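Here the structure of chain A is known, so what remains is to put chain B in place on it, guided by the hints.
Listed in order, the protein sequences are those of chains A and B. Sequential numbering from 1 applies to the first sequence in the working numbering. Sequential numbering from 1 applies to the second sequence in the working numbering.
Just so you know, these hints were derived from the structure itself, not from any lab. Accuracy of the hints is not assured; some may be wrong.
The calculated DSS-like cross-link candidates involving lysine-lysine, where the alpha carbons are at most 27 Å apart (straight line), are [said to hold, decoys possible]:
{"#": "1", "chain 1": "A", "residue 1": "Lys173", "chain 2": "B", "residue 2": "Lys165"}
{"#": "2", "chain 1": "B", "residue 1": "Lys165", "chain 2": "B", "residue 2": "Lys189"}
{"#": "3", "chain 1": "B", "residue 1": "Lys156", "chain 2": "A", "residue 2": "Lys292"}
{"#": "4", "chain 1": "A", "residue 1": "Lys378", "chain 2": "B", "residue 2": "Lys189"}
{"#": "5", "chain 1": "B", "residue 1": "Lys189", "chain 2": "A", "residue 2": "Lys459"}
{"#": "6", "chain 1": "A", "residue 1": "Lys173", "chain 2": "B", "residue 2": "Lys275"}
{"#": "7", "chain 1": "B", "residue 1": "Lys275", "chain 2": "B", "residue 2": "Lys342"}
{"#": "8", "chain 1": "B", "residue 1": "Lys288", "chain 2": "A", "residue 2": "Lys381"}
{"#": "9", "chain 1": "A", "residue 1": "Lys181", "chain 2": "A", "residue 2": "Lys379"}
{"#": "10", "chain 1": "A", "residue 1": "Lys221", "chain 2": "A", "residue 2": "Lys292"}
{"#": "11", "chain 1": "B", "residue 1": "Lys288", "chain 2": "A", "residue 2": "Lys474"}
{"#": "12", "chain 1": "A", "residue 1": "Lys75", "chain 2": "B", "residue 2": "Lys39"}
{"#": "13", "chain 1": "A", "residue 1": "Lys462", "chain 2": "B", "residue 2": "Lys214"}
{"#": "14", "chain 1": "B", "residue 1": "Lys288", "chain 2": "B", "residue 2": "Lys358"}
{"#": "15", "chain 1": "A", "residue 1": "Lys217", "chain 2": "B", "residue 2": "Lys23"}
{"#": "16", "chain 1": "B", "residue 1": "Lys399", "chain 2": "A", "residue 2": "Lys305"}
{"#": "17", "chain 1": "A", "residue 1": "Lys473", "chain 2": "B", "residue 2": "Lys275"}
{"#": "18", "chain 1": "A", "residue 1": "Lys305", "chain 2": "B", "residue 2": "Lys165"}
{"#": "19", "chain 1": "A", "residue 1": "Lys144", "chain 2": "B", "residue 2": "Lys424"}
{"#": "20", "chain 1": "A", "residue 1": "Lys293", "chain 2": "B", "residue 2": "Lys39"}
Note that the structure is a prediction, hence the values are computed from the model and not measured.
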Amino acid sequence: MYVQTKARTKLITDAEATRVPETDIPEELRRRFLNIPNLPESEVIRHYTRLASMNFGVDNGPYPLGSCTMKYNPKYADRVSSLQKFTDVHPYQDESTTQGILEIMYDMERKLASIAGMDSVTLQPAAGAHGEFTAMLMVKAYHKKNGGERDEVIIPDSAHGTNPASAAMVGYKVIEIPSAKDGSVNVDALKAAISPRTAAFMLTNPNTLGIFDRNIKEIAKIVHDAGALMYYDGANLNAIMGVTTPGDMDFDIVHFNVHKTFAAPHGGGGPGSGPVGVKKELAQYLPSPIIKKTKNGYSLRDNGKLSIGKVRAFYGNVNVILRGYAYILRMGSEGLREATVRAVLNSNYLKELIKDVYDVPYGSLKKHEFVASAARLKKEKGVRALDVAKRMIDFGIHPPTIYFPMLVDESMMFEPTEDCSAEDLDRMADVLIQIANEDPKTVLGAPYNSSVSRVDETKAAKDSVFSTRYLRKKRQ
Amino acid sequence: MLERLRMSSTDELFADVPRDVRKKLDIGAGMPEMDVVDKITRTLGRNVTASDMPCFMGMGSYRHYVPAAVDHITGMSEFYTSYTPYQPEISQGMLRSLFEYQSIVCELTGMDAANSSMYDISTALGEAALMCGRMNKGRTFLIPEALSRERSSVLKNYLIGSGIKISRYGFDRGTGSLLLSEISSAVKKDNVCGVYAEMPNLFGCLDRNVASVKQTIGDIPLVIGVNPMCMPIVRPPGDMGADIAIGEGQPLGTRMGFGSPLLGMFACRQEHIRKMPGRIVGMTQDSKGDTAFCLTLQTREQHIRRSSATSNICTNEALTAVAAAVYAAAMGADGMIDIAKKNMERSKTLMTMLSKIKGIEIVFDNVHFNEFPIRLSKDVSEVSSELLERGVMGGVPLKGHVKGMDDCMLIATTEMHSDADHRKLAKALREVL
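The following block holds chain A by itself, in its conformation from the complex:
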């Protein structure tokens, strides 16, 4: 539809537009034409079915995309989130008609609080970065209430890009500190940066290098002694479930990624769900409404004067929450711990298999992900991390995250989740080693087995077309 590739390039033109018939609408608000094609349903289905075959999801094969926790999305979760008793409910319905979904949301809040060692949870944020933003709003409200004129947030250089972006959106000045030699938090740099102006320290543990910071209690003490709050980026929660919690590491606020840790699908980029958990001192700042359990049932209440208000309409991506809830029920305490152990085992095992070919800096014990480098390959053969990634596509394996974190040259961040079998990992390693040994020409020309060959991303940025309407204008 709209743009057909290769020989059949065809665009919708104004000539094909449908004329809009007369209505009651006042003359100055009337539309004349609508440029949307009228196609038989069979053509629509064939079009999108063909497009689906040009897309790679978790169900298509291993997806070791670092930082993204691409674990298998169980199908029972799809079933419960599409029940009509959920999908056909309006968000403003009377509470007496929504007790079922409110009970599940309440229970999910309790379960998430327990998993993270927190006291209260909001399900409202629609994604991880949205959760970070929500948390930073709460940090701001907390300091405002406590009389602190704090305008800085400290973040390690290994942090996800969303951390500094979220802090900046709330108006904080971002102070980035370098990592220590072993990749963990540089305690001296933290001490030097922290001051009465510090509002919070944003950290993920383990960090993006897959390293668990043993000094976490000391770090938290430094931050708390300065009157600042400890924020936990929950993107890496899959590494610690049943082993430790952000709460026990003395964090004050944490966001969750239900679409990572709790197996809800990523939907090709969303919808996600980014609940935020807090220790009890911060509960009064949570977004409104909050869910209360009363003797008459569950109730949505305004969270009072100190609440930050709203970050999204209604109550969050409850459709994603339902999936995560089903997963948590199915797994239980033992199952979640088992997922973590397996994920960490897989990560260390894959690292062990490829470390002689691709350098893996920053210590040997990793958590659920690790960062390898293609720097040696680039120097010796001119093959970059990008080329390795593209070549992996030919073997039916999704590439790792590349060029992040920036601490590692030619970085490739692998996160083989718990559902990768030993055979999957052996094959992944064999493929990676084979690519390192291949004729560089072969690798540079990859991929060969995908629906399109290597895509020119520079042309897209320079000579952009963002819609068919834009294209029509450009061609005129």
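Chain B alone, transformed into the frame defined by chain A:
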């Protein structure tokens, strides 16, 4: 595997986690799949749905028909189990579908470029206000007095770090249309960075004054928020001089789902593209010269620009955007125009029916789409409870959304509401009032 790692037990994998932070989980034992499905199905069974009894609520979440084709396509796991399409060579399906979504948004709004989605219209509004702040030096963002509290509150939070203040303009109490005079005096008084108006507005009015805002404000950026369902028959924001168009895309192929998922539509004129937040799919070529798609203009984004990014957004509402694209493809122009007309007809029919009931006043003399406010002679929350007892879920109370309208209820009806549903509401209201 442990052998290869020279470990004797998986405990050694966590040797770096200090003893004093160790903590076991305490969320109960796991359950068999059958029990999980049974438990959730039974718990959700306690909900009352809009198919159990007619529901006349809208205000940002609407009950429209979802063609089976939409469920079928969004249920394909090649789409829904994929990540954000960072690797274009194995993501052409998603990228192309999102490009089509962007194209649909541009056609409906009359804009040149759209991003591939934001969380919902309220966060899109926040992002639009921030974008206005990047387009000029004004530090006041002008919004309608008649705006849902969800949107107002989210906007306030998005502006917290920007130094941009919010100011409001009023509406005509007889027609519900925005007051151009108040916009005009506000832009003279304050240093305004942008003006926001809605089509239809909070009251469901297709407000003809929106078409005159641009003439009133000149070079100041205009943001128009739309319900895309009416756009097939309504003049698009691009034709009314809007610089940015946003919308709540949920009506296009997504169910109410207790307010989830939603879909923030966001589009702008060509000249503002590099100031736009969010992911954008662009059309390009592969190494053989064939048409291909990829994420583009990424230097605006958080993973490159970090604290200087145009937004922190990473995960968005991609699959919901695909649902909107498939919806438009399955309905086609003819289908979308028909549905839009039907929704206008429904609100007109119901409005006429309710206007004859004693104790009900139709608040505005205007053309409505989907919804319209009624003023009641009795307490609104009492009426809501009594309607519920009679098997009808009434409209959304306007209390808490618009000052001076505590005695009003916003009634919404769509193509899903039958004449029998309308009669049931009318009968119940007659009994209650």
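Status of the hints after comparison with the structure:
1. Note on Lys173 of chain A and Lys165 of chain B: the hinted pairing holds, with a Cα-Cα distance of about 20 Å set against a maximum of 27 Å.
2. For the proposed pair Lys165 of chain B and Lys189 of chain B, the alpha carbon gap of about 14 Å is at most 27 Å, so the pair holds.
3. About 25 Å separates the Cα atoms of Lys156 of chain B and Lys292 of chain A, which keeps this hinted pair within 27 Å; it holds.
4. The hinted pair formed by Lys378 of chain A and Lys189 of chain B fails the criterion: a straight-line CA distance of about 60 Å is larger than 27 Å.
5. For the hint pairing Lys189 of chain B with Lys459 of chain A, the CA-to-CA distance comes to about 45 Å; that exceeds 27 Å, so the pair is violated.
6. Simply put, Lys173 of chain A and Lys275 of chain B have alpha-carbon atoms about 21 Å apart, close enough for the 27 Å limit, and the pair holds.
7. Between the alpha carbons of Lys275 of chain B and Lys342 of chain B the distance comes to roughly 37 Å, so the proposed pair goes past 27 Å and is violated.
8. Restraint check for Lys288 of chain B and Lys381 of chain A: satisfied, since their Cα atoms lie roughly 24 Å apart, inside the 27 Å limit.
9. Restraint check: the Cα-Cα separation between Lys181 of chain A and Lys379 of chain A comes to about 23 Å, which is no more than 27 Å; the hinted pair holds.
10. The straight-line distance between the Cα atoms of Lys221 of chain A and Lys292 of chain A is roughly 33 Å, outside the 27 Å bound, and the hint therefore fails.
11. Taken as a hint, the Lys288 of chain B and Lys474 of chain A pair is honoured in the structure, with Cα atoms around 23 Å apart against an allowance of 27 Å.
12. With a C-alpha separation of about 16 Å, the suggested pairing of Lys75 of chain A with Lys39 of chain B holds against the 27 Å cut-off.
13. Taking the CA atoms of Lys462 of chain A and Lys214 of chain B, the gap is about 31 Å. The hint is violated against a cut of 27 Å.
14. This hinted pair does not check out: Lys288 of chain B and Lys358 of chain B have alpha carbons roughly 72 Å apart, beyond 27 Å.
15. A distance of roughly 14 Å separates the Cα atoms of Lys217 of chain A and Lys23 of chain B; the hinted pair therefore holds under the 27 Å criterion.
16. Between Lys399 of chain B and Lys305 of chain A the CA atoms are separated by roughly 18 Å; this keeps the pair inside 27 Å, and the hint holds.
17. For a cut-off of 27 Å, the pair hint linking Lys473 of chain A to Lys275 of chain B stands: about 20 Å separates their Cα positions.
18. Restraint check: the Cα-Cα separation between Lys305 of chain A and Lys165 of chain B comes to about 20 Å, which is no more than 27 Å; the hinted pair holds.
19. Restraint check: the Cα-Cα separation between Lys144 of chain A and Lys424 of chain B comes to about 51 Å, which exceeds 27 Å; the hinted pair is violated.
20. The hinted pair formed by Lys293 of chain A and Lys39 of chain B meets the criterion: a straight-line CA distance of about 19 Å does not exceed 27 Å.
Against the hints set out earlier in the document, violations occur for numbers 4, 5, 7, 10, 13, 14 and 19.
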